[in-house]
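Peer 1: Protein chains in written order, with my numbering: chain A, 4 to 249; chain B, 86 to 860; chain C, -3 to 174.
Derived from the structure by calculation, the hints contain no laboratory data.
Each residue gets a CB set at the ideal place from its N, CA and C atoms; glycine is no exception.
Just so you know, not all the hints are guaranteed correct.
Said to hold, decoys possible - Straight-line alpha carbon distances no greater than 30 Å define the calculated BS3-like cross-link-like pairs of lysine-lysine that follow:
#1 C/Lys162 with C/Lys94
#2 A/Lys84 with C/Lys82
#3 C/Lys162 with A/Lys183
To be verified - Partner residues aside, some chain C positions facing chain A, computed with beta carbon under 7 Å:
#4 Gln41
#5 Asn115
#6 Leu121
#7 Leu124
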Amino acid sequence: MNAIVVMQNVSRLFAENSGVAALDGISLDIERGEFAAVVGPSGSGKSTLLNLIAGLDRPTSGRVEVCGIDVGGASESALAKHRRKGVGFVFQFFNLIESLTVLENVMVPAELAGVRRGKAKARALEQLDELGAAELARRYPETLSGGQRQRVALARALINAPDLVLADEPTGALDTRSGKNVMDLLAGMNEAGQTVVLVTHDIKLAASYGRRILTLRDGRLADDTRLSVQRTGTAADLIGWTAEGR
Amino acid sequence: MNTVSATRTMAFASIRRHKVRSLSILFMSFIGAAATVLSATLLLDTHRPWDRAFEDAAGPHLVLEFDSDLVSRSDIEATASLPNVAALGEVHESVLLLAQSGEDKGPMQVVGRSGPGGDVGKLSFMEGRWPEKAGEIAVTPYDGWNPPELRLGEAFTLPTAAGPAEFRIVGVLIDLTTTSVRGSIQRGWVLPAEMPSLTSASAPLRYLAGYRLAGDVSETGIAAARERIGAALVPGAQSADPLTWLDMRSGSNWSVAAFGSIIYGFALVILTAVALTIASVIAGTVLAGYRDFGVAKALGFTPWQVMGLLVIQVAVPAGIGVVLGLPLGVLAGSYFLGESAFELGLPESSAVNPPLILLVAAGFMLLVVAAAAIPGLRAARLSAASAISRGRSPSLGKLSRRGSAIVRMGLPRHLGLGAAAVVDRPVRAMLTVGAVAACMAALTFASTFGPTMDGFIKDRATWGAAQDVTVFKAPGRSADDVQALLSQRREIDFSVETSVASYVVPGQVKALGVMGVRGGAETMGFRAAKGRWFAAPGEAVMNAFTARELGMKLGDAVTGTVNGTELKLTVVGLMNDAIHGGFRVHWNTLAAVAPDAQPDTFLLRLNDDVNAVEFVDSINAQGGDLLLAHYLGYEADMTPIDRTIGGLSAVLILVAVLGTFNTTLLAMRERLRDTAILKTLGMTGAQITGMIFTFAGVLTLAATGIGIPLGLWMQDRIVNDGIGEVSGFVVDVGIFDVRSVVLIVAGALAVTLLGALVPARRARRLSVAAVLRSE
Amino acid sequence: MSLRLGILGLLTSGPLHGYEVKQQFEEILAGTWDLNIGSVYQMLQRLERDGLVQPSGSRGDRGRQEFVATEEGRRLFDEWLDNPDKQPELLREEIYVKVLLLALQREPDTARILKVLDNQRHAYLQRLRDLADQERAVQGTSSGQTGSPLALLFQAGRLHTEASLKWIDACVEQLSRN
Chain A
4 MNAIVVMQNV
14 SRLFAENSGV
24 AALDGISLDI
34 ERGEFAAVVG
44 PSGSGKSTLL
54 NLIAGLDRPT
64 SGRVEVCGID
74 VGGASESALA
84 KHRRKGVGFV
94 FQFFNLIESL
104 TVLENVMVPA
114 ELAGVRRGKA
124 KARALEQLDE
134 LGAAELARRY
144 PETLSGGQRQ
154 RVALARALIN
164 APDLVLADEP
174 TGALDTRSGK
184 NVMDLLAGMN
194 EAGQTVVLVT
204 HDIKLAASYG
214 RRILTLRDGR
224 LADDTRLSVQ
234 RTGTAADLIG
244 WTAEGR
Chain B
86 MNTVSATRTM
96 AFASIRRHKV
106 RSLSILFMSF
116 IGAAATVLSA
126 TLLLDTHRPW
136 DRAFEDAAGP
146 HLVLEFDSDL
156 VSRSDIEATA
166 SLPNVAALGE
176 VHESVLLLAQ
186 SGEDKGPMQV
196 VGRSGPGGDV
206 GKLSFMEGRW
216 PEKAGEIAVT
226 PYDGWNPPEL
236 RLGEAFTLPT
246 AAGPAEFRIV
256 GVLIDLTTTS
266 VRGSIQRGWV
276 LPAEMPSLTS
286 ASAPLRYLAG
296 YRLAGDVSET
306 GIAAARERIG
316 AALVPGAQSA
326 DPLTWLDMRS
336 GSNWSVAAFG
346 SIIYGFALVI
356 LTAVALTIAS
366 VIAGTVLAGY
376 RDFGVAKALG
386 FTPWQVMGLL
396 VIQVAVPAGI
406 GVVLGLPLGV
416 LAGSYFLGES
426 AFELGLPESS
436 AVNPPLILLV
446 AAGFMLLVVA
456 AAAIPGLRAA
466 RLSAASAISR
476 GRSPSLGKLS
486 RRGSAIVRMG
496 LPRHLGLGAA
506 AVVDRPVRAM
516 LTVGAVAACM
526 AALTFASTFG
536 PTMDGFIKDR
546 ATWGAAQDVT
556 VFKAPGRSAD
566 DVQALLSQRR
576 EIDFSVETSV
586 ASYVVPGQVK
596 ALGVMGVRGG
606 AETMGFRAAK
616 GRWFAAPGEA
626 VMNAFTAREL
636 GMKLGDAVTG
646 TVNGTELKLT
656 VVGLMNDAIH
666 GGFRVHWNTL
676 AAVAPDAQPD
686 TFLLRLNDDV
696 NAVEFVDSIN
706 AQGGDLLLAH
716 YLGYEADMTP
726 IDRTIGGLSA
736 VLILVAVLGT
746 FNTTLLAMRE
756 RLRDTAILKT
766 LGMTGAQITG
776 MIFTFAGVLT
786 LAATGIGIPL
796 GLWMQDRIVN
806 DGIGEVSGFV
816 VDVGIFDVRS
826 VVLIVAGALA
836 VTLLGALVPA
846 RRARRLSVAA
856 VLRSE
Chain C
-3 MSLRLGILGL
7 LTSGPLHGYE
17 VKQQFEEILA
27 GTWDLNIGSV
37 YQMLQRLERD
47 GLVQPSGSRG
57 DRGRQEFVAT
67 EEGRRLFDEW
77 LDNPDKQPEL
87 LREEIYVKVL
97 LLALQREPDT
107 ARILKVLDNQ
117 RHAYLQRLRD
127 LADQERAVQG
137 TSSGQTGSPL
147 ALLFQAGRLH
157 TEASLKWIDA
167 CVEQLSRN
């Protein structure tokens, strides 16, 4: 088994002593190289699930294992390390640090991981270049468009070559075109072998890019579908123009 | 709902919502108001304290002593009607006796008085009560110097016609007329009925009269009054030199100046620190609340109403804090007033001064409102949208970005972010740094003052007491006899002999003294604090206080007369002379105008292995009433002033910690988002802590960088200029030892650590999800 | 119906050979459609019979005859363009009927309905994927770009599918509550 994320009967209550569960009895595996999408309406527990995978939160019960780390039992510093090297984040609102330049922003995870400044800088430039954002290096996030910022965020997420990229509504604050660019970048990374977990309320987005659709409803895993490459139908089918020309 | 109540409702809702902020303001105001009341009380108290005490006691401008054989009491009382005499106090009988307690003996002026009150020259109690029957006596406090050492409850003997009579001390009082430039005298009060038994041929009765004058109370005015009084009575009726209030004031100058200036300085610093801290806390709070104003504006509040919102949000918690803090300030004030009164040797004044308290409260609230209103004006003028967006994250101008980049250089990223956060809000940072700097300055002063004053006090030579033992020849006895006795004692290494003559300087009402010094004074350790010891004839080392009073300085010359013979002296050195109020000259200089001068005091340096106390006892026993030996065991008790400084320093550290804490907390809250992002990216708790400590550390470092030099400057000013200016003290400042450095560094670290602890803890426990999702 | 109007529409811009008509359609649909040339000619004949198109240029070899829209044809086309689709929303998907039938049973088998809905949901998800894949493929060819008419078409497809998915979610929620 090549599973990066293993969840066994995981529950997470909203507050320690409340009876209300944000997640209830979730069991799932996500394998290396997958592009998994987690969908569901707001309040379905998507963010909680994300936080557990990221090691930002611990389960109330059940086992969450990510990249070999038991999230429930690991120490705070082990989790911090996991967040540095094991996971790369992309957020809806970019969450770049305004007082640092683009380059410095991308360098942060590397520096936190103890990489020397010079080396971190080189790596960051490389990463930006790969995403076609190298010319933005000296600028400040304030001056960038949404699409540019998300690209920087993506570079930041990738700099430590994480096992997993977590994208939380990455296109939510972007126009259609920028959003498509970012998703295409993610798809490209996935094709190159990067495991991606997308969290979104937009089912269209999820199914367009994800191969595995995990549907959450009221904290439970309501559905787990694997999509194949079928390519049934053509554009013409859409508008009802069959080969017969009816 | 009308606009006023809408504003009020929203304001109160805001206060409730931002509990931490409101509590913080409340607490700061509480401490601040207490500290301000304390400082104001102390400032007032140390501002011309002696003058106030003098007026409170209806002190006499002129004290005269009359020979009871030549004038009667009623004669003296008649002088009360002379022009310029505002009041004449009760005329008391007095006699100079030798008080003895064990082997310890010393002169005491015993006065018959029925009670401590009166029209002129009221006395105030330090402890105990007034004598109620025979055998009871009330005394002035032991000055730590002149024998015998007397304390409440102890007994000693006074010679009476029927032999030594025991008197028990039932009260200790402060009498402003007992301390003057001539030194302090030990005075004891008994019931008037006891006086006859204490009077004898060798202890003649005198009359003491204290006059309060109207009109000109300067040296000349007093001289004129004295002339008139003298003219109204039999010539020669005055049996001693007159004592003026100016003499008294100068005499207490050194303690008043020394300790008064210190407390004054501290009080000022506390006020400054509190003002700056409050300003920074409040300004910071306003800046942090931009988003709320934007929302308020969006809801339709006008700029004025927004201002009103702001002011209410700040003023209500502050007001509560002030109301709670005032009583604490009064309590603290009373405590410190008690301490300082002890130091100043003055009666304790009441700490509860309602007008002062109201003024402080009003001033404090004014400061709070101003600190809120000024940034508030800016907030009020912003449009709703810009206020909300500004509130979301601090917008960085080009300048602060560059400053940020500079500060970050070289530091690991997370620490750098902490350091950069200081630059983000320059005004708030400056206010906080200012407040902490003021505190650090005072702490520097406090920690260096001790060693400085210690060293100064220990340097007895510069204030005229380089010897181990002083032997006073009894009046009327032969100096040769004393010399003969002393020459036999092998314990003595060598001695210096002195003789004092009266030196009348034209234009000066009072006579100064000129002391001829024979023997190896410089070998013994005597030296001038400024200038040099005398060498050639006509050179003199002058008492620095007196020099100050007469407006004389190094190099000046003065010509006076000794027994009518002219003597010109040139001042070559100044001494902080606590023993002698005039000039010290070479024996030959004095002998030139007073050839018959005989030594009246012998200053002894003992051999190393000699027990000085035993020696003194033995010499006194051997000498009988030929001489009186006294051991210079005086060690200044710095404990009270150390305690005072320690207490005030604690207040300062508290203010500094609060200032740092508040600024750090506010900064942390503003950067909540960034902190959450960094946490997501894998910043560990330790790194977060490091970031926040760096922030607090940079602030404290900057403050220390300003504060320490400031503190040293303060010390220079207060000790050298302050005390020196006022009293003529000449002090060599600059003792900065390892212990002080350690204390200051420790203080700075404490400020950083304590101020950053709670914010760091909060940052570590931050719930990331909540912050990152909501925008 | 729409093919008829589609060809008419093409011919309002200018004369075209039958072969060109086929080519243009295939271009629009980015080569995803292989239109039968016979069908084109058939449709052209019908249009000519109805007076909506006329031959243009010399009548000659059938294969090379150009056709163009007539006045009448143009008018009809414009009218068709200007008139909004007045037909009621036809829910063509069979799922609606399935659910209706199952729900109207005397004792509805909730588990069965849910299973049916679940299956359909999977199919819809797959459809979304397919649409995305198709669009990507189309973009690979020279004529594809976002914002082109074809992209809009795919968007329509996705939105419709999303709507259907939402409906399924609503059904499931309703059923779970009962």
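Peer 1: Now, for every hint given, state plainly whether the structure supports it.
Peer 2: Quick rundown of the hints versus the structure:
1. Between C/Lys162 and C/Lys94, the direct Cα distance comes to roughly 17 Å. Compliance with the 30 Å bound is thereby established for this hinted pair.
2. With a CA separation close to 61 Å, the supplied pair A/Lys84 and C/Lys82 exceeds the 30 Å bound.
3. Among the hinted pairs, C/Lys162 with A/Lys183 is consistent with the structure: their alpha-carbon atoms are about 23 Å apart, no more than 30 Å.
4. Interface restraint check for C/Gln41: the shortest CB-CB distance to chain A comes to about 13 Å, outside 7 Å, so the restraint is violated.
5. For C/Asn115, the shortest C-beta to C-beta distance to chain A is roughly 11 Å, which exceeds 7 Å, and the interface hint is violated.
6. Evaluation of the C/Leu121 hint against chain A yields a held restraint, the C-beta minimum of about 5 Å falling below 7 Å.
7. Annotation: interface hint on C/Leu124 holds; nearest CB of chain A at approximately 3 Å, less than 7 Å.
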